[in-house]
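S.K.: Sequence:
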Amino acid sequence: MLVAKLSNNQHVSLVENWTRKELEILKRDESFYCPSCGQMMYLKLGTKRIFHFAHQTKEKCRFSIEPESQYHMEGKREIYEWLKKQPFSIKLEHYISNIKQRPDLIIRDNHHVYAIEFQCSTISAELFAKRTAAYKKYGIIPVWILAASFMKITSRCMKVSQFQSLFIEDLYARYGKIIYFCPYKRQFYLNENPLFFSSTEVLSGIISLPLHSSTFYQLFKSRGFLGKTLYENWAYKKKYWRMYCTVYPSNELEKLLYELYEKKIPPSLIPAEVGIPTNYSYWFKTPPIVWQAYIYVDIITKSNGGIFTFNDILNSVNLRITNNKISIRTLPLVTNSQYANGIREYLLLLEKLQVIKKIKHKGFKIKKEFTLPKSSEDAVLLDYDIMNKLLSYNNK
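Okay, so the sequence shown: first residue is 1 according to my numbering, each after it adds one.
No wet-lab data here; the hints were simulated from the structure. Just so you know, these numbers come straight off a predicted model, no measurement behind them. Here a beta-carbon is modelled for each residue, glycine too, at the ideal position from N, C-alpha and C. Some hints here could point you the wrong way.
Using C-beta positions, here's what the derived DEER-type ranges look like [said to hold, decoys possible]:
(1) Ser214 <-> Thr309: 41 to 49 Å
(2) Tyr244 <-> Thr122: 45 to 53 Å
(3) Thr122 <-> Ser327: 15 to 23 Å
(4) Asn304 <-> Tyr138: 30 to 38 Å
(5) Tyr217 <-> Asn304: 45 to 53 Å
(6) Lys374 <-> Arg186: 52 to 60 Å
(7) Tyr248 <-> Gly139: 19 to 27 Å
(8) Leu381 <-> Glu259: 31 to 39 Å
Work out the full structure: start from the sequences and follow the hints.
M.R.: Dropping the structure here:
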């Protein structure tokens, strides 16, 4: 911790401009207490870690949700110094007695109060949701920032665990994003509108924001990143899905494969319009190839006279959710959308691809059949063709 309470109930913060000599005198003359739980604390002035306070007992402070690592303390300090240069009132490690929580930082502008949590270790989804709900109930806007050490980037995608997906937020934005921070590089990293190809593989642009040239509000500004590389990588990933989806399929995928076999649709030859990237896809834990395939099987191939409504699709998806064939994420920080938005975005793309068209007061009509590939080679070409069309629509 970087803040402690003195015997006279005054608070002392180690982010202020102390010299080592001054802190040694303070350590000699004062006793230190945790502002939250009241236990006695040590002032540690070592050479390997930044100066900090630690509880004297081995028992963990009941108001702390993660071990106080060097990375965490450095991050708190860097964010605090960054926010000090902006028009906020700031409190470091302020204990909120009404909800019995101690965020890393509390900041206030003319209209809102924000609780900033810099999370450097995993916690349960239940605890994350509980803390988030408590802030909101008390009228505080929670801003959760993940340690950049969680970022796992490969040549074509980024790995985002179920834990990391809890951090998707849409504050002041249309689409969600995950905010990461590295105290050593002094940079934020924004994973904007994460497009999940599978339950943990994300294809989206990572935007870097150096501390020295960014502001708090810029963390929430939408930049809209859907470039050519993203669509190429999506087509590449889909090619390999077609080739290997039947090798060690998940339980969720097995259920879809069974239905495809029943309808005599080889998984490697599913329509090119199934499994395309959509906005709000982060609501679905189930991969887009799977949930979009169910829409194709349930609605597109069965629609009466080629006409269907949005509610037809929504009811079909809800039934699949009830039957554990489609899974939806719990996103405590997302307030401006729901999973139905992902379905609407999919229909919008099918309209742009001229597969369906909107009918006034009646819903949608199938304009042309989904494109069924004739071979594996044909499937790959059709996938790349669809991606190029989506790219051209996005650039308009």
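S.K.: Now tell me, hint by hint, if it's right for this structure.
M.R.: Taking the hints in turn, this is what the structure says about them:
Taking the beta carbon of each, Ser214 and Thr309 are about 44 Å apart, inside 41 to 49 Å as hinted. Separated by about 30 Å at the C-beta atoms, Tyr244 and Thr122 break the suggested range of 45 to 53 Å. Checked against the hint of 15 to 23 Å, the pair Thr122 and Ser327 passes, with Cβ atoms roughly 20 Å apart. The supplied range of 30 to 38 Å is broken by Asn304 and Tyr138, whose beta-carbon atoms lie about 51 Å from each other.
A hinted range of 45 to 53 Å for the beta carbons of Tyr217 and Asn304 is consistent with their spacing of about 50 Å. For Lys374 paired with Arg186, a C-beta distance near 54 Å keeps the hint of 52 to 60 Å intact. The hint said 19 to 27 Å for the Cβ distance between Tyr248 and Gly139, and at roughly 48 Å that hint is violated. For the pair Leu381 and Glu259, the beta carbons lie near 26 Å from each other, so the given range of 31 to 39 Å is not met.
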